[in-house]
Amino acid sequence: MTGKPASLLEVRDLTATFHRDGAPSRVVNGISFDIAPGEAVGFVGESGSGKSVTARAVMRLAPEGSSIEWGGRIRFQGQELLSLTEREMRDVRGRRIAMVFQDPMASLNPVMSVGAQIDDMLVRHTGVSTRAARKRTVELLGLVGIRDPAIRADDFPHQFSGGMRQRVLIAISVSCQPDLLIADEPTTALDVTVQAQILRLLMRLRRELGMALMLITHDFGVIAGMVERVYVMHRGDIVESGEVDTLFAAPKHAYTQALLAAVPRIESTRRPA
Amino acid sequence: MTGAAPLLRVRDLSVTFPPRRGRPPVRAVDRVSFDIQPGQTVGLVGESGSGKTTTGRAILQLQPVTGGSVHLLGHQLTGMPRTELRKMRRHMQFVLQNPYSSLHPRMKVADILAEPLKVHGSVPPAQIPERVAELMTLVNMDPAVVKRYPHEFSGGQRQRIVIARALAVNPDFVVCDEPVSALDVRTQAQIVDLLHDLQAKLRLSYLFIAHDLAIVRAVAHRVAVMYGGRIVELGDADDVYDNPAHPYTRNLLEAVPVPDPARQRAKLADIAPDPQFRGRDGEQGPCVFGEDHAATGASEWHEVGPGHGVSCRFWPPGITPPGRP
Numbered sequence: 001m002t003g004k005p006a007s008l009l010e011v012r013d014l015t016a017t018f019h020r021d022g023a024p025s026r027v028v029n030g031i032s033f034d035i036a037p038g039e040a041v042g043f044v045g046e047s048g049s050g051k052s053v054t055a056r057a058v059m060r061l062a063p064e065g066s067s068i069e070w071g072g073r074i075r076f077q078g079q080e081l082l083s084l085t086e087r088e089m090r091d092v093r094g095r096r097i098a099m100v101f102q103d104p105m106a107s108l109n110p111v112m113s114v115g116a117q118i119d120d121m122l123v124r125h126t127g128v129s130t131r132a133a134r135k136r137t138v139e140l141l142g143l144v145g146i147r148d149p150a151i152r153a154d155d156f157p158h159q160f161s162g163g164m165r166q167r168v169l170i171a172i173s174v175s176c177q178p179d180l181l182i183a184d185e186p187t188t189a190l191d192v193t194v195q196a197q198i199l200r201l202l203m204r205l206r207r208e209l210g211m212a213l214m215l216i217t218h219d220f221g222v223i224a225g226m227v228e229r230v231y232v233m234h235r236g237d238i239v240e241s242g243e244v245d246t247l248f249a250a251p252k253h254a255y256t257q258a259l260l261a262a263v264p265r266i267e268s269t270r271r272p273a
Numbered sequence: 001m002t003g004a005a006p007l008l009r010v011r012d013l014s015v016t017f018p019p020r021r022g023r024p025p026v027r028a029v030d031r032v033s034f035d036i037q038p039g040q041t042v043g044l045v046g047e048s049g050s051g052k053t054t055t056g057r058a059i060l061q062l063q064p065v066t067g068g069s070v071h072l073l074g075h076q077l078t079g080m081p082r083t084e085l086r087k088m089r090r091h092m093q094f095v096l097q098n099p100y101s102s103l104h105p106r107m108k109v110a111d112i113l114a115e116p117l118k119v120h121g122s123v124p125p126a127q128i129p130e131r132v133a134e135l136m137t138l139v140n141m142d143p144a145v146v147k148r149y150p151h152e153f154s155g156g157q158r159q160r161i162v163i164a165r166a167l168a169v170n171p172d173f174v175v176c177d178e179p180v181s182a183l184d185v186r187t188q189a190q191i192v193d194l195l196h197d198l199q200a201k202l203r204l205s206y207l208f209i210a211h212d213l214a215i216v217r218a219v220a221h222r223v224a225v226m227y228g229g230r231i232v233e234l235g236d237a238d239d240v241y242d243n244p245a246h247p248y249t250r251n252l253l254e255a256v257p258v259p260d261p262a263r264q265r266a267k268l269a270d271i272a273p274d275p276q277f278r279g280r281d282g283e284q285g286p287c288v289f290g291e292d293h294a295a296t297g298a299s300e301w302h303e304v305g306p307g308h309g310v311s312c313r314f315w316p317p318g319i320t321p322p323g324r325p
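Taken in sequence, the protein lines are chains A and B.
Here the first sequence stands for residues 1 to 273, where the numbers follow my numbering.
Here the second sequence stands for residues 1 to 325, where the numbers follow my numbering.
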């Protein structure tokens, strides 16, 4: 890396304040970070650290059933997202920034075939005809590793396993070739062998489509192989950031050290008495 | 593993779910056998749908059993009359995954912990408050907080309360079903330490059911790997983790992400094999170990080391067992 890379995403002094029952509570305390074009960046932390809210801030999505007030600046490709109208923001979501969530079932429409859901996205964001969209939909389902994509496109979400549903969701999220893919605990609900397949898929898509990746996870094992840089979050603050190899080899902040020390190791030599 | 009589003995345990909506019956647990020694932990690992939770429930007789037997402290639980089974329940307890839903939201901690004491008549009513305080201390919590409600506690504290409730009646055996999977990593480590301490102090035996192989390694003396309702590998934890013999076990261990960037990148860069673990029910001729089970009538189980065995089922074609050409 020579010089400072032009940022794809530049976040400065971001705050997030929930308003519930009239009492404001701040969950993100003025954090700043950057993501370069094509770069993979991880956000790791425990529950309540503010990592998911930070991801949602970039999409300007309030968690369900709550109202949230954003502060600070979020510049994406030179455009200030926090000052866009909701309508302008809808054009950014899905097309330029896409998001994959933990629970694929909750993110899919249960009464619409998966193909129709992807067609819909393509028609809405790229203005192609329904017929052209279906052709692209079948390509996308093939791209994410679904066998017989032309046939499976007519199946409904409940006809897919958890891992296959997450593949469908990933197909939807990359359908408009976004420049940034945000993945919030994308494999937390999946079995470990399926998790490995989905992580490989995300790596491959990132390479093939040249997307930047913002990966949110509580799992140091997942983050280790997926990203170039890591931000460690704790109670709404970024407590440490750095290049992934350095951060794992020599964590500086006591909180990062404590988290890493608590991770159970599969090659553990620690035995029960 | 010879000598002492096992605390728990499970033999050929089977659970079949009846046909539903035109679908055939499902053998959720298929001839599962293992022992747990006093004061020891057996880890039961497997992916969703492998039958591990149903196995735990069937052992505790919370799930109708369709075949096989379960002995606890020498008493056969399968087919035991209800009144007798109720008496056995104080020897066997259950700790579930979700500390948010397994505590009654409108009961104070004192009442939550007193309930099993009353049900089993374990201590005279006058001594209940004392025993409740003792239980709180046992799980490293301040007895002064027993007047509070569950929502006033963090996830880790609630799981301590769930554990205290399980221990109220002085059980010998506790089934822990994903006891730490809803918790943050530091809290997980604390609960694992607590379970260790309690085991040492009270000589408890655990069946520790989890999908997280790293956590199981930290708690289990022996490990059973389940797939398709069967145990495909069983052995001392070190043997199974360091020298996995069944291809499914190897596949499972290989998939676990490791918190080491260089190694984890290499793992993800590998072209993932997607092996088909096929059954061999009704197959004729020799198994992968060269034994014709239909002819010999022997169980489809093969020792690969002392106390370390694998099933010859679910063996993908082209893979040979260790030690065979």
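The hints are simulated quantities; they were obtained by calculation from the structure and are not laboratory data.
In this text, all values refer to a predicted model and were calculated from it rather than measured experimentally.
Mixed in with the good hints there might be a few duds.
These stretches of chain B come out as covered by chain A in the derived footprint (C-beta under 8 Å, 3 or more residues) [to be verified]:
no., region
1, 179–188
2, 201–213
3, 248–259
Idealized CB from N, CA, C, for every residue including glycine.
Of the numbered hints stated previously, which ones are contradicted by the structure, given in increasing order?
-> none
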